[in-house]
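*Asks:* Please build the complex by placing chain B on the supplied structure of chain A, with the hints as guidance.
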Amino acid sequence: MAERTHREPQRRDDDVSDAAAPAAQDSSEGTRLKAELDDLLDEIDEVLETNAEEFVKSYVQKGGQ
Amino acid sequence: MAIPKVCGIETEYGIFVRGAENDPVAASSLLVNAYADRLGSRPGWDYEHERPSSDARDPDLPSPFGVGDPELESRLVNTVLRNGARFYVDHAHPELSTPEVRDAIDAVRWDAAGEEVLRRSVELASRHLPDGAEIVIHKNNSDGKGNSYGCHENYLVDRQVPFGRVVNGVLAHFVSRQVVCGAGKVGSEFPGQEPSAVPFQISQRADFFEEQVGLETTIRRPIVNTRDEPHADPMVYRRLHVICGDANMSQVSTLVKVGSTAIILAMIEDGALGDELLPANPVTAVRQISHDPTLRATILLDDGRRMTGLDMQEALHEQALRWFDRFGPESVGAEAGTESLRRWGEVIASLRSDDGRAAAWVDWVAKSRIIDAYATRHDVAPGSPRLRAIDLQYHDLRPERCLAARAGLEEVVPAEAVLRAVDEPPSDTRAFFRGRCLGKFAESVVAANWDSMVFDLGHDPLRRVQMSEPLRGTADLVANVIDESSTVGELLERLGA
Chain A
95 MAERTHREPQ RRDDDVSDAA APAAQDSSEG TRLKAELDDL LDEIDEVLET
145 NAEEFVKSYV QKGGQ
Chain B
443 MAIPKVCGIE TEYGIFVRGA ENDPVAASSL LVNAYADRLG SRPGWDYEHE
493 RPSSDARDPD LPSPFGVGDP ELESRLVNTV LRNGARFYVD HAHPELSTPE
543 VRDAIDAVRW DAAGEEVLRR SVELASRHLP DGAEIVIHKN NSDGKGNSYG
593 CHENYLVDRQ VPFGRVVNGV LAHFVSRQVV CGAGKVGSEF PGQEPSAVPF
643 QISQRADFFE EQVGLETTIR RPIVNTRDEP HADPMVYRRL HVICGDANMS
693 QVSTLVKVGS TAIILAMIED GALGDELLPA NPVTAVRQIS HDPTLRATIL
743 LDDGRRMTGL DMQEALHEQA LRWFDRFGPE SVGAEAGTES LRRWGEVIAS
793 LRSDDGRAAA WVDWVAKSRI IDAYATRHDV APGSPRLRAI DLQYHDLRPE
843 RCLAARAGLE EVVPAEAVLR AVDEPPSDTR AFFRGRCLGK FAESVVAANW
893 DSMVFDLGHD PLRRVQMSEP LRGTADLVAN VIDESSTVGE LLERLGA
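Line order of the protein sequences matches chains A and B.
Just remember that the working numbering sits 94 ahead of the position in the first sequence, which is counted from 1.
Just remember that the working numbering sits 442 ahead of the position in the second sequence, which is counted from 1.
Where hints are given, some of them may not hold.
[Stated by the list, open to error] Not everything, but these chain B residues come out facing chain A in the computed CB check (under 7 angstroms):
1. S590
2. G592
3. R830
[What the hints assert, rightly or not] Here are the computed distance ranges between Cβ atoms for each label pair:
4. B/M677 - A/T144: 32 to 38 angstroms
5. A/N145 - B/N723: 39 to 45 angstroms
6. A/S122 - B/T660: 43 to 49 angstroms
7. B/L763 - A/K151: 43 to 49 angstroms
8. B/R562 - A/E148: 26 to 32 angstroms
The hints are simulated quantities; they were obtained by calculation from the structure and are not laboratory data.
Source: prediction; values computed, not measured.
Think of the CB as a built atom: it goes at the ideal place given N, C-alpha and C, for glycine as much as any other residue.
Just chain A, with the same shape it has in the complex:
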């Protein structure tokens, strides 16, 4: 597992919380994923479209194969 590269989660600098640092050093894959998921949930409302639910409603895609 150690040789794998990971896609860095994209995050604004001011969003990096101190709490994420110790978890990121943990070698356990499960712990890493859990920490990343917590981080994502912390920021998800800012990443989601403003009026995301409206956007979903208006999202129509015709003419596909």
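*Replies:* Okay, now just chain B, sitting in the frame of chain A:
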């Protein structure tokens, strides 16, 4: 022996205009034109050998499209890129077909390069939009309202293998492989079923398949598509056009999807795949498996047994390991074949043990984790619009909005190799010749398609170069000749074309 599994991926992207009139055809055209204009000259697509209505079961069957093929009528906007890819407008979507690649790792690389082409074209097109307007692109397969658009794969298949054997061989995999590479979806779009009846399912596409085998791609979609249009020597090759897959954000999912399918096809050609996993009702089975993300649903096999999708994948992978020991990975690429088989097995093992590792590899697992965690934290009901928004934004190509980019997905191909592939063709297929000629002699290329290029030498007549052998025109064979030729005329003379 199985023939080399040359392959490629064609992705129809979802497109939406915000802040201006949402005209998907105009917006798609704007994207392709903006990107092509950046490249300077822009050769057109040559439809000389396009036969989308030719049926693998019987070439003489009447075309279900009637007079004129719809694909040939929509010659809207179409261009060929320096990396050998095709970028065009298909109906109301921008579509990017990767160049032909030799193996699954390169399929991941040029598929990811295709995403980058879309992102760059959005940026270039934005200059032509009114203030405050933007084009939003999603790499997904459904709008959540019953409309689907495809991510198709193509594999080179030996013409000598009877098509019926290919069909019987691939059905078990096409029904069950969604478990290891599905992209996940909130809600059902199966006609007659309430969306909320399925809070979360494994595949974006499963609700849209109505036939086991058939020629159509837009209505009555079949699990196995019979389009017989090899884009290569038709006496020697078929091209299996696979329309049942999901577009993947996870590179590991793309690797497993293409790698496992290439292996299954090589096994069929090597006579190393039995038909004991044939599903009794494939169309129903696709949906049964997709609608149960707990992976417990069993489907009925032709011999009366019942198995889960994961059981079927495990059994196919075991057969693949035996095939590998006997035949080796050469037909699917030595490195990529080995890696695909290993990754495929790891994904299956992780899903079996539920150890959580699959969340870094499999799109539907990564997406469902985010959705479940969000629903728990905010006490949101299953299937709510908020969760559908998360689903949609998982596939958003805008870096600042993309949830997949924040899901901790593992990379297969380093980012710098992906970026190079935006302008570089693969070195080991005929796409090398196509891409390099466009890079060096763009002003002389009148048109190109998969198996030929048309050059203008400055005097009549135009010259067509046939490329009916997908593994000719590689860097080994033509790089020096292209480098050393100062004009197209010299190039063609030296090639004896």
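*Asks:* Hint by hint, say whether it matches the structure.
*Replies:* A quick look at each hint next to the structure:
1. S590: Result: holds, 6 angstroms to nearest chain A Cβ.
2. G592: holds, 4 angstroms
3. R830: holds, 5 angstroms
4. B/M677 - A/T144: 32 to 38 angstroms: This hint is violated: roughly 57 angstroms between Cβ atoms.
5. A/N145 - B/N723: 39 to 45 angstroms: At roughly 42 angstroms between Cβ atoms, B/N723 and A/N145 fall inside 39 to 45 angstroms, so the hint holds.
6. A/S122 - B/T660: 43 to 49 angstroms: holds, 47 angstroms
7. B/L763 - A/K151: 43 to 49 angstroms: For B/L763 and A/K151 the Cβ distance comes to about 47 angstroms; the hint holds.
8. B/R562 - A/E148: 26 to 32 angstroms: holds, 28 angstroms
Violated hint: 4 only; the structure is consistent with all others.
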